[in-house]
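Trainee: Now for the letters of each chain:
Number of protein chains: 2
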Amino acid sequence: MAKFMDVHSGFIGVTGQQLAEAHGRDLAIEGDEGVHFETAWMDPVAGKVFCLATGPNREAVMRIHERAGHGTAEIYEITVEV
Amino acid sequence: MAKFMDVHSGFIGVTGQQLAEAHGRDLAIEGDEGVHFETAWMDPVAGKVFCLATGPNREAVMRIHERAGHGTAEIYEITVEV
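Chain order of the listed sequences is A and B.
At position 3 of the first sequence the residue is numbered 3 (the numbering used here), and the sequence of numbers has no breaks.
At position 59 of the second sequence the residue is numbered 59 (the numbering used here), and the sequence of numbers has no breaks.
These are computed hints drawn from the structure, not numbers from a lab.
Computed cross-link-like contacts, DMTMM-like style, restricted to lysine to aspartate or glutamate with a CA-CA straight-line distance of at most 25 Å:
no., chain 1, residue 1, chain 2, residue 2
1, B, 3, B, 21
2, B, 3, B, 77
3, A, 3, B, 38
4, B, 3, A, 38
5, B, 3, A, 81
6, B, 3, A, 74
7, B, 3, A, 77
8, A, 3, B, 43
9, B, 3, A, 21
10, A, 3, B, 77
11, A, 3, B, 81
12, B, 3, B, 43
13, A, 3, B, 21
No experiment lies behind these values; they were computed from the predicted model shown.
Bound-form chain A, shown alone (with noise of 0.2 Å):
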């Protein structure tokens, strides 16, 4: 089980409902793929989100954003945690 980090773009002004909502979509599914979705952080300023997770791999984390409706390309392999 490798870990990831994955960075969401254009969350400009998403509420803190919103982002709930929008990660549970996640964690409806996640198991399909053998992922899951630890935490996420979002500045609604700059509208980002880092989103934590473990899965077999990158396109599954991948495949289960864009089925929950916000996909992104930008998803990072952690091999190392201080």
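Given the coordinates of chain A, assemble chain B onto it according to the supplied hints.
Mentor: Relative to the frame of chain A, chain B by itself:
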């Protein structure tokens, strides 16, 4: 106290030990600005580091990273976490 995610680029091929040393240089001086660096996640293939911190403001986080030798202008204030 606010929360920040900062992003560093150019860490291609950096080892876990090197990241731990860089992070240690932050930890050694973070108290000067009332900042605390919680976790740093690295993708050494893409050369990206994501660093979660708390502190009084963005500039304080920036100053500690600059003094530690790895400044970045890409610092996001996190106001929503799910």
